[in-house]
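Required output: the full structure, derived from the provided sequences and hints.
There are 2 protein chains.
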Amino acid sequence: MMHDKGLVIVLSGFSGAGKGTIMKHLLEAHPNDYNLSISATTRGMRAGEKDGREYFFKTREEFDKMIENNELLEYATFNGNSYGTPRAYVEKLINERKDVILEIEIQGALQVKKMFPDALLLFTMPPSADELKNRLVGRGTETPDVIAQRLAISCRESEIMDQYDYLIINDSLQRAVDQVHNIIQAEHFRVSRNSSAINEMKKQLKVFERSN
Amino acid sequence: MMHDKGLVIVLSGFSGAGKGTIMKHLLEAHPNDYNLSISATTRGMRAGEKDGREYFFKTREEFDKMIENNELLEYATFNGNSYGTPRAYVEKLINERKDVILEIEIQGALQVKKMFPDALLLFTMPPSADELKNRLVGRGTETPDVIAQRLAISCRESEIMDQYDYLIINDSLQRAVDQVHNIIQAEHFRVSRNSSAINEMKKQLKVFERSN
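Residue numbers (my numbering), protein chains in the order written: chain A, 3 to 214; chain B, 3 to 214.
Rather than coming from a laboratory, the hints here were simulated on the basis of the structure. Some hints could be false.
Which copy? The list can't say, so a pair holds if one copy fits it or any two copies do.
[As the list claims (entries may be wrong)] Derived DSBU-like pairs: lysine-lysine, alpha-carbon spacing no greater than 35 Å straight-line:
#1 K204 x K67
#2 K94 x K204
#3 K204 x K60
#4 K208 x K52
#5 K135 x K205
#6 K26 x K135
#7 K100 x K208
#8 K67 x K208
#9 K100 x K26
#10 K60 x K208
#11 K26 x K208
#12 K67 x K205
Shown next, in the form of structure tokens:
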């Protein structure tokens, strides 16, 4: 069965929920099923990086122009560098019936949903808030102040979880990866994503009706 | 993760699409995952049948009373016998977080969706209208007139396919069975079906926010 288009999939979740790890394992387990969206950024290219592979490297001027021309699905600025998802690259892939995954923050996810109402929004979280705190503490890289701040942000972010489509509780990495894969694959069979197959069947059946 | 409730799943499709066979194999492959809804009927009990196993056997009067009291999710009459899906049995199962599958005709499916807006509607069809005709002919049990009539009914029914949630193209039985299973399992992770887990997380995070 040929679904109409590839899917735009957004994976986000609380800081410390493990979305980066899920993503990495998902792409390793199913390299032919998914394409990672490549972001545009204003930060400088590092040794070993290649334009169009890790990032599309842009000057500040070029980046601002992209925003102005509505060429970015979402964007955000961290430590003075801007990062955004170029619309054209995502559209190219889904028109070739390829699924594209975006690993982005919650605010960005909602921006993408506005641009692509058919985008699939996945939210990942640990089994409990205690576990979320434990994971942030366990990293050993954050001060108690930063951890407290992260948890406060998670609390605010939890208010928009309901705008997501699916919830993945990351208690076992392997299970979470399998769930993400199954959810995406099942979504391909949504009636709303298969208009061409449905219209073709309607047309074929009409011929039968006339001939009887 | 505990989803809020079991799912009501409706499997229907064109006559000859193979939904009975898919259902049988699905239940054999996953006996602990799914429960078949038991219909009420006015037809007489046959040798070897047991009330509450094959059917809930009812008199015409009892059946009409069930309709009157809104105790049936859907019902239809074939050859003078009435068949319907008792609401109480389905509600009991989903409240125990068990998934219930109903294999019913298209009109019945839409009746169920009205009663249970959260019901999952699966539509199965062969890869083409020609293949649908071939399967009906291949059975060798129907006259050309009856086959023509079935195809005309399928043509009318195809107009309401868009009201279903998922489309399963039954070109390979094993693949169709796997797809139905994956679709149902993925649906358990819908945000809208996991309000308790989400509300619990929100509550837990609020405690963290206050303490910082």
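Treating 35 Å as the Cα threshold, decide for K100 and K208: within, between, both or neither. within (32 Å within a copy, 40 Å between copies)
Up to 35 Å CA-CA - K208 versus K26, copy category: The answer is between: 31 Å across copies meets 35 Å, while 47 Å in one copy does not.
Treating 35 Å as the Cα threshold, decide for K94 and K204: within, between, both or neither. within (29 Å within a copy, 38 Å between copies)
Go through the copies and call it for K26 and K135: within, between, both or neither, with a Cα cutoff of 35 Å. within (22 Å within a copy, 46 Å between copies)
Could you place K204 and K67 in one of the four classes (within, between, both, neither) given a Cα distance threshold of 35 Å? neither (45 Å within a copy, 39 Å between copies)
When no copy is specified for K135 and K205, does a C-alpha distance of 35 Å or less occur within a copy, between copies, both, or neither? Intra 56 Å, inter 15 Å, cutoff 35 Å: inter-copy only.
Between the shortest in-copy and the shortest cross-copy C-alpha distance, which are at most 35 Å for K204 and K60: within, between, both, or neither? neither (48 Å within a copy, 39 Å between copies)
35 Å Cα threshold - placement of K208 relative to K67: neither (50 Å within a copy, 40 Å between copies)
Between K100 and K26, at a C-alpha cutoff of 35 Å, which is it: within one copy, between copies, both, or neither? both (18 Å within a copy, 33 Å between copies)
Can you tell me if K60 and K208 fall within 35 Å by alpha carbon in one copy, between copies, both or neither? Result: close neither inside a copy nor across copies, 53 Å intra and 40 Å inter.
Classify it for me, K67 with K205: is the Cα-Cα distance of at most 35 Å met within a copy, between copies, both or neither? The answer is neither: 45 Å in one copy and 42 Å across copies each exceed 35 Å.
Given identical chains, is K208 near K52, meaning Cα to Cα at most 35 Å, within a copy, between copies, both, or neither? neither (53 Å within a copy, 43 Å between copies)
In this structure, the hints that do not hold are numbers 1, 3, 4, 8, 10, 12, in rising order.
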